[in-house]
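**Q** Sequence:
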Amino acid sequence: VSEQISQLVTLQLDVAKNDYERASTEYSQARRNGIVFVLIITLLFAGLCFWIIQDVQHAVHSTSLFAAQIAEGRLNQRSPNARHDEVGSILKSLVSMQESLHKTVHSIAHSAQIVFGTSQELHSGASQVSNVIELQNQTSSMLATSVQQLAVSVEQISDNAAEVSQATQEALAASGTSARIIQETHH
81 VSEQISQLVT
91 LQLDVAKNDY
101 ERASTEYSQA
111 RRNGIVFVLI
121 ITLLFAGLCF
131 WIIQDVQHAV
141 HSTSLFAAQI
151 AEGRLNQRSP
161 NARHDEVGSI
171 LKSLVSMQES
181 LHKTVHSIAH
191 SAQIVFGTSQ
201 ELHSGASQVS
211 NVIELQNQTS
221 SMLATSVQQL
231 AVSVEQISDN
241 AAEVSQATQE
251 ALAASGTSAR
261 IIQETHH
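Using the numbering used here, read the sequence shown as starting at 81 and increasing by one per residue.
It should be emphasised that the hints constitute simulated quantities derived from the structure, not laboratory data. A hint or two may mislead.
Derived Cβ-Cβ restraints for the label pairs, each shown as a range [said to hold, decoys possible]:
| no. | residue 1 | residue 2 | range |
| --- | --- | --- | --- |
| 1 | V227 | I194 | 46 to 52 Å |
| 2 | I188 | G127 | 46 to 52 Å |
| 3 | Q157 | S191 | 22 to 28 Å |
| 4 | S176 | L128 | 31 to 37 Å |
Even glycine gets a Cβ: it sits at the ideal position worked out from N, Cα and C.
Kindly generate the complete structure, drawing on both the sequences and the hints.
**A** Given below as structure tokens:
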């Protein structure tokens, strides 16, 4: 009996030892699998984070370039594809601003053309007025010269009339003397 008990104890010890080794092996494998699983999840999470960061950086960079083009006055540039997040919202606002600036610049250019045309017309009108004033000045100068010549002519006529009047008086006096002499000779 003691030998059988001893064999039974040995058997139980062997079974316990095998169970322990099997459990220890299973624990090591489970621990290794757990570590591999955590590493794979960590790598996937890191890759996902990297992809998200790259995507956001690309969106921010393209939006920044688009804003810089608007700031430089290039209002005909196409916008990057709009996203459905905060960057997309900013991009939509930039596109709206670009369209508004484009309309404003177009309106200012149109107004500038109108102002240019009006200034050309004003310049032409001012040139015509200047020409008319120059013609009036020339006419006034010619009229002043004519009046001056007329005044000189009137003065000469007046001088000549005085000379003619004196010559007439002398002629009358001479003819009066001649008529007396003739009458005295006839009488």
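**Q** State for each hint whether it applies.
**A** Hint by hint, here is what the structure shows:
| no. | hint | result |
| --- | --- | --- |
| 1 | V227 with I194: 46 to 52 Å | 48 Å, holds |
| 2 | I188 with G127: 46 to 52 Å | 51 Å, holds |
| 3 | Q157 with S191: 22 to 28 Å | 24 Å, holds |
| 4 | S176 with L128: 31 to 37 Å | 33 Å, holds |
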